[in-house]
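Number of protein chains: 2
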Amino acid sequence: MRKYVAGLDFGTNSMRLLLVNLSTGREVIEIVEKYPSGRDGVIVDSKNPHLARQNPADYIVCLIKAGKKLSRKMRLKSIKADEVIGIGVDTTGSTPIPVDKNLMPLSFRREFRNNKNAMAWLWKDHTSADEAEEITNLARKIRPQYLSKIGGVYSSEWFFSKILHLARCDRKVFEESASFVELCDFIPALLTGCNNPAKVLRSICAAGHKAMYNEDWGGLPDEDFLEALDTGFKNLRSKLYERAYPAGTKAGTLTKYWAKKLGLAEGTPVSVGAFDAHMGAVGAGIKENVLVKIMGTSTCDIMIFPKDKNLPDIPGLCGIVQDSVVPGFIGLEAGQSAVGDIFYWFLKTFLPEKRKDVFNYYTRLARNVRPGTSGLICLDWHNGNRTVLVDQKLTGLIAGLTLNTRAEEFYRALVEATGFGARVIIERLSEYGVKVDSIIACGGLAEKNSLLMQVYADITGKEFKIAFSKQTCALGAAMFGAVAAGKEKSGFENVQQVQEKICRFKPQTYKPNQSNYLIYDRIYQNYKKLHDMFGIPTYTGNLYNVMKDMLRIQADTIKR
Amino acid sequence: MRKYVAGLDFGTNSMRLLLVNLSTGREVIEIVEKYPSGRDGVIVDSKNPHLARQNPADYIVCLIKAGKKLSRKMRLKSIKADEVIGIGVDTTGSTPIPVDKNLMPLSFRREFRNNKNAMAWLWKDHTSADEAEEITNLARKIRPQYLSKIGGVYSSEWFFSKILHLARCDRKVFEESASFVELCDFIPALLTGCNNPAKVLRSICAAGHKAMYNEDWGGLPDEDFLEALDTGFKNLRSKLYERAYPAGTKAGTLTKYWAKKLGLAEGTPVSVGAFDAHMGAVGAGIKENVLVKIMGTSTCDIMIFPKDKNLPDIPGLCGIVQDSVVPGFIGLEAGQSAVGDIFYWFLKTFLPEKRKDVFNYYTRLARNVRPGTSGLICLDWHNGNRTVLVDQKLTGLIAGLTLNTRAEEFYRALVEATGFGARVIIERLSEYGVKVDSIIACGGLAEKNSLLMQVYADITGKEFKIAFSKQTCALGAAMFGAVAAGKEKSGFENVQQVQEKICRFKPQTYKPNQSNYLIYDRIYQNYKKLHDMFGIPTYTGNLYNVMKDMLRIQADTIKR
Chain A
1 MRKYVAGLDF GTNSMRLLLV NLSTGREVIE IVEKYPSGRD GVIVDSKNPH LARQNPADYI
61 VCLIKAGKKL SRKMRLKSIK ADEVIGIGVD TTGSTPIPVD KNLMPLSFRR EFRNNKNAMA
121 WLWKDHTSAD EAEEITNLAR KIRPQYLSKI GGVYSSEWFF SKILHLARCD RKVFEESASF
181 VELCDFIPAL LTGCNNPAKV LRSICAAGHK AMYNEDWGGL PDEDFLEALD TGFKNLRSKL
241 YERAYPAGTK AGTLTKYWAK KLGLAEGTPV SVGAFDAHMG AVGAGIKENV LVKIMGTSTC
301 DIMIFPKDKN LPDIPGLCGI VQDSVVPGFI GLEAGQSAVG DIFYWFLKTF LPEKRKDVFN
361 YYTRLARNVR PGTSGLICLD WHNGNRTVLV DQKLTGLIAG LTLNTRAEEF YRALVEATGF
421 GARVIIERLS EYGVKVDSII ACGGLAEKNS LLMQVYADIT GKEFKIAFSK QTCALGAAMF
481 GAVAAGKEKS GFENVQQVQE KICRFKPQTY KPNQSNYLIY DRIYQNYKKL HDMFGIPTYT
541 GNLYNVMKDM LRIQADTIKR
Chain D
1 MRKYVAGLDF GTNSMRLLLV NLSTGREVIE IVEKYPSGRD GVIVDSKNPH LARQNPADYI
61 VCLIKAGKKL SRKMRLKSIK ADEVIGIGVD TTGSTPIPVD KNLMPLSFRR EFRNNKNAMA
121 WLWKDHTSAD EAEEITNLAR KIRPQYLSKI GGVYSSEWFF SKILHLARCD RKVFEESASF
181 VELCDFIPAL LTGCNNPAKV LRSICAAGHK AMYNEDWGGL PDEDFLEALD TGFKNLRSKL
241 YERAYPAGTK AGTLTKYWAK KLGLAEGTPV SVGAFDAHMG AVGAGIKENV LVKIMGTSTC
301 DIMIFPKDKN LPDIPGLCGI VQDSVVPGFI GLEAGQSAVG DIFYWFLKTF LPEKRKDVFN
361 YYTRLARNVR PGTSGLICLD WHNGNRTVLV DQKLTGLIAG LTLNTRAEEF YRALVEATGF
421 GARVIIERLS EYGVKVDSII ACGGLAEKNS LLMQVYADIT GKEFKIAFSK QTCALGAAMF
481 GAVAAGKEKS GFENVQQVQE KICRFKPQTY KPNQSNYLIY DRIYQNYKKL HDMFGIPTYT
541 GNLYNVMKDM LRIQADTIKR
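Top line first, the protein sequences correspond to chains A and D.
Going letter by letter, the first sequence gives residues 1 to 560 in this note's numbering.
Going letter by letter, the second sequence gives residues 1 to 560 in this note's numbering.
Any given hint might turn out to be false.
Because identical chains cannot be distinguished in the list, a pair is counted as satisfied if it fits within a single copy or across any two copies.
[Stated by the list, open to error] 25 Å max Cα-Cα, derived SDA-like pairs, lysine to any residue:
| no. | residue 1 | residue 2 |
| --- | --- | --- |
| 1 | 435 | 504 |
| 2 | 393 | 554 |
| 3 | 124 | 552 |
| 4 | 529 | 539 |
| 5 | 348 | 358 |
| 6 | 34 | 554 |
| 7 | 69 | 172 |
| 8 | 348 | 404 |
| 9 | 559 | 169 |
| 10 | 393 | 549 |
| 11 | 528 | 384 |
| 12 | 511 | 528 |
| 13 | 393 | 408 |
| 14 | 487 | 136 |
| 15 | 529 | 392 |
| 16 | 124 | 554 |
| 17 | 529 | 542 |
| 18 | 348 | 361 |
| 19 | 348 | 363 |
| 20 | 393 | 528 |
Derived by calculation from the structure, the hints in this document are not laboratory data.
So here's chain A without its partners, still in its complex pose (with noise of 0.2 Å):
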């Protein structure tokens, strides 16, 4: 008997749904559906461009859309609904959602129709700035342990400073909810026909790297921390949950409702969910001392760590968590705020006649750029650094502009500092005990920037490797599908077996130069430079020899 394993991805404007063979690691069927609602999918509000949210209803709409194409493909490839063995979630996050006690989203309900509060409050919100600072510096100063795990800042991306701003700004809203589910939370029991908040299984990917969930501690953080941020906010507490599970978990069976509306079988084993950039990386492939880069507008990096060795916090890294990619290890988590946004900016803002292929235009002149020929450094700062420094305000940043500076080389420039920004967080990593052997990138610009992938292999002296599929996140949840159906179904025990059988790489790989990177390596030591004068308040020093030493290595390489 043939099994298949789908796999259901909740991105900011779009689901996707993959069907994969277990048995060959084919993915045989793939549909995409747009949500209908807002501008691509997310509500905004002219008014205030911190906003970002999503329709509840988008998801059950593209739910049902998608699992028509599904029953139609299956047909036409004679493909038995018996057949698909398990289902694996993955969404954004943090994205959690208002839900009333019959895990109701409160937008479907009349009183709050069309009130943005009463929605899914998509990860990207930033509405929450002021509360993430408060959460921070409470955390500092009564539970310091609380941010060993997050790099040592609460985002406004996150769970608890969404909740306490929705308890500010919508007291309503805020009181009708019987709890806040994480939209890989709420898929799943949705499709497994729970119905009440305090029975979902929470994922520990959500949980633990954005509601500081956290063991140690005795799961959330406790009642005395959230009343200090504001009275009453105590209650929210057992509204919540003592438990999360990791991706893999059978969280429960398909309904009889859901598997007509998708063509699949009723009783079909369903997975807890986890956020896409961590199922992602299990379906590129990770393993221990393997980074998966997730690159696109901005990176996503995750790496695992047994749990068994011993793994000190990581100051700046923003997300350390048991089990949260694959069990039994400990997930680590960390990011470059913008990567492709920066390269999209430069040709958005200095090319205004939009030539059709202006990307690759100037992906071919960069390339044409020699490393250290430019003269030119940047920092990679123009949204700010995730990894290491967590901070939001720093800016862009180039030096070593001259009169003779040519706008493929500022273009390269931009190409090399997210390179370099890429480096420190692998330096972090190693310097506490992660050790980077190779890389494997992700995501479109992996794909499409050959150029991207070889300076970053000669910036970094890391091999990187291509993921083979386009829709890793999709196919990590899908075998996540594969685990909850448990080994009998499946044949696997653990989704380290399903990577073994399906994960892949494109043929062509990306060795590092050597004499690239030595030249790079001069270069990486002013970037460091800068990105300390800039980046952290403590330190103190000249940068009287970087332009000096830009000038050099420009002689240096011009020469050869």
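Guided by the hints, dock chain D onto chain A, whose structure is given.
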């Protein structure tokens, strides 16, 4: 009887002849002649980008051509030869010419024809960078006083660097040279029939600013110093001169030959020459406490200070020379290595589509960017920093870039950076007792770019006037022609009296806007931090607050 004076201005690419009515101040005739040799008058070398020479024959050819046109135009305007009572000369510099014992340029000899080393070494020839460094280092060790009047660093654009380089790269030309004559000394000598290098009246402007001439240490550098630079170099001293003279001193009178060629009267007094910027400052209307900025691709800043008051050495100022601008005053020279060149670089680099009106287009857009709102801050060091750091090995920088930064904001930040650079110079002068009450700007940028002028006024907090004349250099030269003619002929005792009569300003002046001044003052504090941190070897500190402060300024100014 109507009285006229003639000014001859020998620039980098062309020479100009200006005839000025001494009673009305009107510029009645203007003639421009382009040098026929090389690339736009500059002899270059495809193998050495630092080389820049001029063919001395070009000066003579252009003089003769201009003379023909002058004769014709004077006839048309019924101006008689003897109504022109004096001639003044200004040129680029340091532009020394190797000459034989009859004051003939060595390149006129058959054996040295086409030998670039026997031609005029144009000011912007940078082949002697190593020699400049040697001179600086030696002076620092054994004659620190030599550096105290030139900002601490001897330049490759200056007299002795060039001659020392010649001595090493072309021994034959060096040894055949009976002397080396600055172009601004050569032209008056030519016109007055002087054919003995020892009898040429040398300009104190050239001698003091570029050849370390100062009466305090007995004129030019001593033989021991020269010998320490290179064996036998002490002999150079006797080939040069003992005394130098201010402009306005009569160098001699027009020969019969040149009277005929120019259509002027034999015996017309010719003034001792000076450099273009210095005479330009006089033509623009310089006086005590008024800074003249000659603004083009780069900027030259000139001040004067009474000789009878005590002036300390001013670190970083590239020239402090008695009588070099207005006799009776100490002339002070400062400058910015690139101003217009930076704007041109931006437009050329990032807007390759070559809109015809791109300069105006961007100026229009940049005008709408209110001070502070871009959050950007630049260092205007794309071509190094002349004053006050005297360091070519510095480069341009921009910080504050975000994903929302627009091209016109970048452009305006460059404009502002040059304004901050201008403020640094003004503050350095003030610190040492040279007070700047107001500013006169002249040159192409000052005339064409009202945005630039308003930004400068707002940044410096000073009123900017624009000189009326488009030919302030030739006008200044002509004014010294009047002084050389003597009071009896001209009616003027000194050049200040001529200025009173002739110098005028454009009706529009630029007054600082107080609220913009306050915003720019906040930005300037950050500019100074970057300036000192990248530019001063002994400065240490931290830049953690620079990006944050720029973001605060942005938030504060966007609100308004």
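Quick rundown of the hints versus the structure:
1. 435 with 504: So residue 435 and residue 504 pass the 25 Å test inside one copy only (22 Å; across, 73 Å).
2. 393 with 554: between (31 Å within a copy, 12 Å between copies)
3. 124 with 552: between (42 Å within a copy, 22 Å between copies)
4. 529 with 539: This pair counts as both: shortest intra-copy Cα distance 10 Å, inter-copy 15 Å.
5. 348 with 358: both (9 Å within a copy, 18 Å between copies)
6. 34 with 554: Neither: 48 Å inside a chain and 36 Å across chains, both beyond 25 Å.
7. 69 with 172: Intra 39 Å, inter 90 Å, cutoff 25 Å: neither.
8. 348 with 404: both (22 Å within a copy, 10 Å between copies)
9. 559 with 169: Cα proximity of residue 559 and residue 169: across copies only (22 Å, versus 62 Å in one copy).
10. 393 with 549: Only across copies: residue 393 and residue 549 sit 10 Å apart there, 28 Å inside one copy, limit 25 Å.
11. 528 with 384: Close inside one copy (16 Å) and across copies (23 Å); limit 25 Å.
12. 511 with 528: within (23 Å within a copy, 43 Å between copies)
13. 393 with 408: between (27 Å within a copy, 22 Å between copies)
14. 487 with 136: neither (43 Å within a copy, 80 Å between copies)
15. 529 with 392: both (19 Å within a copy, 22 Å between copies)
16. 124 with 554: between (40 Å within a copy, 22 Å between copies)
17. 529 with 542: both (9 Å within a copy, 11 Å between copies)
18. 348 with 361: This pair counts as both: shortest intra-copy Cα distance 13 Å, inter-copy 18 Å.
19. 348 with 363: both (14 Å within a copy, 20 Å between copies)
20. 393 with 528: Result: close both inside a copy and across copies, 18 Å intra and 21 Å inter.
When each numbered hint is compared with the structure, violations occur for hints 6, 7 and 14.
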